[in-house]
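Each protein sequence line maps, in turn, to chains D and V. In this text, residue positions in the first sequence follow our numbering: the first is 3, and each later residue adds one. In this text, residue positions in the second sequence follow our numbering: the first is 1388, and each later residue adds one.
To be clear, the hints were calculated from the coordinates, so they are not data collected in a lab. Predicted model, so just to flag it, every value in this text is computed and none were measured. Every residue, glycine too, gets a C-beta built ideally from N, C-alpha and C. Be aware that one or more of the hints could be misleading.
[Stated by the list, open to error] Below, a sample of chain V positions facing chain D; criterion: calculated Cβ distance under 10 Å:
| hint | residue |
| --- | --- |
| 1 | M1437 |
| 2 | L1450 |
| 3 | H1474 |
| 4 | P1518 |
| 5 | G1662 |
| 6 | M1668 |
[To be verified] If we take Cβ atoms under 10 Å as the criterion, some of the chain D residues that face chain V in the derived model are:
| hint | residue |
| --- | --- |
| 7 | L38 |
| 8 | F112 |
| 9 | V171 |
| 10 | V203 |
| 11 | V250 |
| 12 | M261 |
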Amino acid sequence: MSVQATVRPAAGVRRLRSVRSVLWHVAVTVVVLVLLYPVIWLVSTSFKPADEVLSRLALLPEHATGDNYRQVFGGVAGYSIWQYLGNSLAVSAGAVAGNVLSCSLAAYAFGRLHFRGRGPLFGFMISTIMLPQHVVLIPQYIIFHKLGLVNSFWPLILPKFLATDAFFVFLMVQFVRGLPRELDETATVDGCGPFRTFWYVILPLLRPAVITTSIFTFIWTWNDFFTQLIYLNDPSKFTLPLALQIFVDQSSQSAYGPMFAMSVLALVPIGLFFLAFQRFLVEGVSTSGLKG
Amino acid sequence: MANTALTRPARQVTARPAARSRSRRRGQGAAYVFLSPWIVGATVLTVGPMLASLYLSFTDYDLFDSPRWVGLDNYVRMFTEDDRYWHAVTATLEYVVVSVPLKLGLALAVAMLLNRGRRGTGLYRSAFYAPSLLGASVSVALVWRAMYGDGGVAGRVLGVFGIDVGSMVDQPRYALLTVIALAVWQFGAPMVIFLAGLKQVPKELYEAAALDGAGPVRRFVAVTLPMLSPVLLFNLVLETIHAFQSFTSAFIISSGRGGPSDSTLLYTLYLYQRGFTDFRMGYASAMAWVLLVVVGLITVLLFRGANRWVFYLGEGRR
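Build the full structure now, drawing on both the sequences and the hints.
This is the structure in structure tokens:
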């Protein structure tokens, strides 16, 4: 009797709880689906034949076709899609290499070494995180123009080797400061100078910050449109975002299919990065306030 | 054996400070070596260009002839004669004032929804974050153009409710709304930051409030909001600065024109047109400096105003 009396309400509460939990999951899933609808629509539309692209509201194509992709791989605006892909990859990889190298060097100096003017220089570095790039844009353009480097990848990559992405310097400084000081003191006692300490002690420990920096630099550079629009104007140098923009000018309905096929291809690397590193990405955002 | 064991600590005691000061001296020079890429970048690509664009803003410069000093002409023209400049200012202010609160409100609401400690939260969190990674791309802006354009999904869905809007991207009344929608769609990043903040709120505060008879609304207003206010300030500052510099979505949705009738002519889009289509580099530099000053002022105001509503635990109640 007494056993039943205590079990029955507990079972009721549990059932109520599980109903609530199911309702919660249903509600959240619906919101997620509505949110991701544009992406789902994009992928599905890229498989629709030309006459279905806008005429039918149905999400799934009636007659799925790979024609759009075949057309894109046949070339866009006179160049192979592999060329645009290769250009995007070159710019993004160069930016990643530049940021990782220059930002980790600067971060070690700011985070560990003593030198005159460290305080003010650090303060200045922090303040440039918030600086709108437009205020340096035109003189930078003039510099690269005078050097004859407009229409090459240098204006997109060189600044990264000079640690202009102050945000990542800051991210790495925070990380360096969190490393136990005993480690580099031991290295010093063992006769390591600052260079060997950096290379053999600090850099290997910096790995998580290096990975975060690499992922975000890659994705942001891959997606970047503004800088690439300004510096690249020869179609053979176009990156994927610029090649996509060609479609904007000739946006007849017949071009919609291939345009969306290429849009999907442009998002594939980001999707892969996201699937592989989603935990890393989201943790990076929640601990450091990185913008996506 | 015993001998070395005895001498070792003694040697260390004398060796440590010497090694430290030696490493410190060596560190001085080494620090500048490590810092050299950043120093070159900061001088040649940041401080130099900032001063140069300030100078250029007082000149007429087309990239090919040398700059011609015109004093305050650019600024005067901007503020008194250039209608398109004011269209850009209006569109940008509307964009910032509407998109930032909507984005943060949605981010907070979804963060509250997810902060239940239920299974699968991590997966949902990632799903909500995905648009923040994709939304900056040209691909998604093209999707937006099609969805809110002629025969697009948005028009059809509204049509079901008897609202006939036609092609939203082609109408001055609605075009900016579609750009705002794309900004709000990317609420995942601030949401993740809110969620991290919510996890820091001590459970005891909610329990104490519940014991005092506070309902869900009261608990939100009296516990959640004050405890979350530093995170809210952080998100607000970041999103506002970010919004002032939006470019890609408006550029793609309006085919680079900022139309119809300049309704999507965001500030940076007009700056781009003046600088890189018309090659009025002096004028564009003046625009950039006004942007810098305005964004700086707004940041200062947000931080100043924050004293009234941001609550830091351990500071005591005001």
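Results of checking the hints against the structure:
1. About 6 Å separates the beta-carbon of M1437 of chain V from the nearest beta-carbon of chain D, less than 10 Å, and the hint is met.
2. Interface restraint check for L1450 of chain V: the shortest CB-CB distance to chain D comes to about 7 Å, inside 10 Å, so the restraint holds.
3. The restraint placing H1474 of chain V at the interface with chain D is violated, with a minimum CB-CB distance near 18 Å, outside the 10 Å limit.
4. At a threshold of 10 Å, the smallest CB-CB gap from P1518 of chain V to chain D is about 6 Å, leaving the interface hint in force.
5. At its closest, the beta carbon of G1662 of chain V sits 6 Å from a beta carbon of chain D; the interface hint therefore holds under the 10 Å criterion.
6. Here the hint on M1668 of chain V is kept, as its CB sits about 5 Å from the closest CB of chain D, short of 10 Å.
7. A least Cβ separation of about 7 Å between L38 of chain D and chain V falls short of the 10 Å threshold, and the interface hint therefore holds.
8. Among the interface hints, the one on F112 of chain D holds; its C-beta lies about 8 Å from the nearest C-beta in chain V, closer than the 10 Å criterion.
9. Annotation: interface hint on V171 of chain D holds; nearest CB of chain V at approximately 7 Å, less than 10 Å.
10. With a cut of 10 Å, the hint placing V203 of chain D at the interface with chain V is violated, because the nearest CB-to-CB distance is about 13 Å.
11. With 10 Å as the threshold, the beta carbon of V250 of chain D comes within range of chain V, its nearest partner Cβ sitting at about 5 Å, so the hint holds.
12. With a cut of 10 Å, the hint placing M261 of chain D at the interface with chain V holds, because the nearest CB-to-CB distance is about 6 Å.
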